[in-house]
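Colleague: Model the full assembly from the supplied sequences, consistent with the hints where possible.
Just so you know, the protein sequences line up as chains C, B and V, in that order. Following my numbering from start to finish, the first sequence increments by one per residue and tops out at 462. Following my numbering from start to finish, the second sequence increments by one per residue and tops out at 91. Following my numbering from start to finish, the third sequence increments by one per residue and tops out at 746.
Take these hints with a grain of salt, some might be off.
To be verified - Straight-line Cα separation of at most 30 Å, DSS-like style, residue types lysine-lysine; simulated pairs: (1) Lys361(C) to Lys473(V); (2) Lys459(C) to Lys607(V); (3) Lys440(C) to Lys661(V); (4) Lys366(C) to Lys458(C); (5) Lys440(C) to Lys473(V); (6) Lys34(B) to Lys440(C); (7) Lys34(B) to Lys458(C); (8) Lys440(C) to Lys361(C); (9) Lys34(B) to Lys473(V); (10) Lys561(V) to Lys607(V); (11) Lys473(V) to Lys366(C); (12) Lys459(C) to Lys34(B); (13) Lys366(C) to Lys34(B); (14) Lys661(V) to Lys458(C); (15) Lys388(C) to Lys366(C); (16) Lys458(C) to Lys361(C).
Everything labelled a hint here was simulated from the structure, so no lab data went into it.
In case you want the letters, here they are:
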Amino acid sequence: MDDILSILISKYNYWGYIILMMVGLYALIIKKNLVKKIIGMSIMQTAIIFFYVSIGVKKNATIPIITHGHNGAADIVRASDYINPLPHVLMLTAIVVAVATLGVALALAIKVYRHYGTLEEDEIHDFLKKQAE
Amino acid sequence: MIWQLDFIILTLVIISGIAAISIKDLLGAAVLFGAYSFMMCLLWSIMGAVDVAFTEASVGAGVSTVLFVAAVFRTTRRSRD
Amino acid sequence: MNKTIGFITVVLCGAMLLLGTADFPHWGDPQSPASRHVSPYYIEKSIPETSVPNIVTAVLADYRGYDTMFETTVIFTAGIACFFLLRIRRKEPIIRYYRHVPTGITLRIEKGAKLPEDSKVFDRIDTLYAPHDLINKTTARLIIPFILIFALYVIAHGHHSPGGGFQGGVILGAAIILFAISYDLRSANRKMSERAAALLSTTGVFIYAGTGALCLLLASNFLDYSALALILGVDPVTARSHGILIVEIGVGLTVMAVMVWIYYNLSSRGQHDEGL
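Modeller: Following this line, the structure appears as structure tokens:
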């Protein structure tokens with residue numbers, strides 16, 4: 330019991346990320362409305378960004394902005410004093426790509442509505458089946 | 011890094027994420043998605059990722075919510091599930 | 471039936487991921503594998519080589535500048551994709567609504583006949599239920615200049631504080647979207663037309679790629695900003711800092727133009743006549 334509790338406290342961040350990603354995956358697979366699917370896709374994207382950011386955290390370290398500025402070789406900078414900046418760089422690109430994909434997905438949803446008159450997936454399937462006959 | 015604050019905001023994030031996909035009104039889902047995005051920004055700034063939090067605040071709780079509301083306004087507000 | 475299968479799939483996937491976390495390093499460990507190989511080099515050599523205190527901006531625009539160039543191209547492609555999906559020719563409306571400004575609430579509807587577009591007494595409104603909100607318009611008009619100045623500050627101060635090109639560009643775009651929401655889509659179209667947005671987005675990508683090509687012409691590698699020391703007349707370390715600022719301006723321009731462009735196309739369903 331003590332063992333499980335210590336594992337829970339030291340790794341609860343990863344559990345939170347898994348729950349969020351499964352919520353997003355569930356919305357993407359099960360829901361029939363197109364806008365709900367788009368919301369699920371966006372929740373999955375932010376959950377993965379959360380995972381990467383939480384990897385780079387270090388104990389008793391500060392934000393990755395060096396405070397002594399342009400002094401040249403004034404102070405020694407130790408790498409264990411600042412948290413890891415590399416996941417932040419990769420995740421900035423990921424957020425940019427997420428918003429671009431969101432814009433195109435919403436444009437596609439508007440075009441589907443303009444053509445079929447509905448946003449529910451099963452109604453669109455029935456419409457296509459009737460058109461094929 | 012205060013772990014109590016981290017835990018509370020993580021719980022709020024999960025609750026607003028589940029609420030955003032189960033509500034039947036699409037405009038409410040867009041607004042809840044904006045709240046989810048803002049809670050994520052708080053979570054990241056607690057963990058020390060200030061650049062990522064700034065980007066998510068301006069993109070997620072700003073432009074992304076407006077695009078959602080514009081798309082819902084131009085299609086339909088009702089959803090069946 | 472479908473719901474049950476999906477639920478079981480999701481639970482199984484989650485359980486497998488949970489099993490995978492047993493091997494993860496402890497959270498907050500300074501010796502974890504993610505923080506040991508390349509990132510100490512970036513942290514320790516960021517100021518001696520580029521003299522930029524914000525490590526994330528230095529890595530994003532200088533050490534990994536090639537990725538950021540293609541990220542700008544991805545945003546530009548998304549703008550073009552929205553344009554190709556939605557844009558149709560504007561149809562002439564049958565009924566137009568006008569409001570008589572001195573009396574404030576009087577509405578007038580007409581068909582077919584023309585009224586001068588720039589007359590001061592009549593205000594064109596979108597639909598019958600568009601409210602006459604003086605508070606919204608005045609507050610937006612007072613606040614928007616300050617938002618624009620703050621966005622320019624975020625771009626320019628990206629070396630010393632969190633910020634940079636992308637964040638400032640999004641705030642610039644959000645200011646113009648605020649203007650389009652509180653006034654009219656047509657008045658926003660007069661201030662920043664669609665053609666201006668398209669041209670600005672291509673200018674931003676060209677600034678980025680042009681800086682890289684300029685470094686090629688000065689007998690160095692592509693996107694190696696220390697070669698700009700020949701033009702600017704400073705030592706190579708400061709030239710790298712100035713090169714980062716120039717490419718951040720390029721990224722900011724593209725992002726602002728694409729955000730405004732996507733909003734125009736989405737909120738008017740492609741016709742650019744009436745918005746939210």
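Colleague: State for each hint whether it applies.
Modeller: So, going through the hints one by one against the coordinates:
Proximity of Lys361(C) to Lys473(V) is assessed by CA-CA distance (about 11 Å); at most 30 Å being required, the pair is judged to hold. For the hint linking Lys459(C) to Lys607(V), the alpha-carbon distance of about 49 Å lies beyond 30 Å, and the restraint is violated. Taken as a hint, the Lys440(C) and Lys661(V) pair is honoured in the structure, with Cα atoms around 28 Å apart against an allowance of 30 Å. Note on Lys366(C) and Lys458(C): the hinted pairing holds, with a Cα-Cα distance of about 22 Å set against a maximum of 30 Å.
A hinted pair counts as satisfied when its Cα atoms are at most 30 Å apart, and Lys440(C) with Lys473(V) qualifies at roughly 28 Å. Straight-line distance between C-alpha atoms of Lys34(B) and Lys440(C) comes to about 22 Å, which keeps the hinted pair within the 30 Å bound. For the suggested pair Lys34(B) and Lys458(C), the alpha carbons sit about 27 Å apart, so the restraint of at most 30 Å is met. Simply put, Lys440(C) and Lys361(C) have alpha-carbon atoms about 17 Å apart, close enough for the 30 Å limit, and the pair holds.
Restraint check for Lys34(B) and Lys473(V): satisfied, since their Cα atoms lie roughly 17 Å apart, inside the 30 Å limit. With a CA separation close to 28 Å, the supplied pair Lys561(V) and Lys607(V) stays within the 30 Å bound. Note on Lys473(V) and Lys366(C): the hinted pairing holds, with a Cα-Cα distance of about 15 Å set against a maximum of 30 Å. For the proposed pair Lys459(C) and Lys34(B), the alpha carbon gap of about 28 Å is at most 30 Å, so the pair holds.
About 13 Å separates the Cα atoms of Lys366(C) and Lys34(B), which keeps this hinted pair within 30 Å; it holds. Taken as a hint, the Lys661(V) and Lys458(C) pair is broken in the structure, with Cα atoms around 47 Å apart against an allowance of 30 Å. Distance restraint check for Lys388(C) and Lys366(C): the Cα-Cα separation of roughly 38 Å exceeds the 30 Å cut-off, and the hinted pair is therefore not satisfied. Restraint check for Lys458(C) and Lys361(C): the C-alpha separation of about 17 Å stays at or below 30 Å, so the hint holds.
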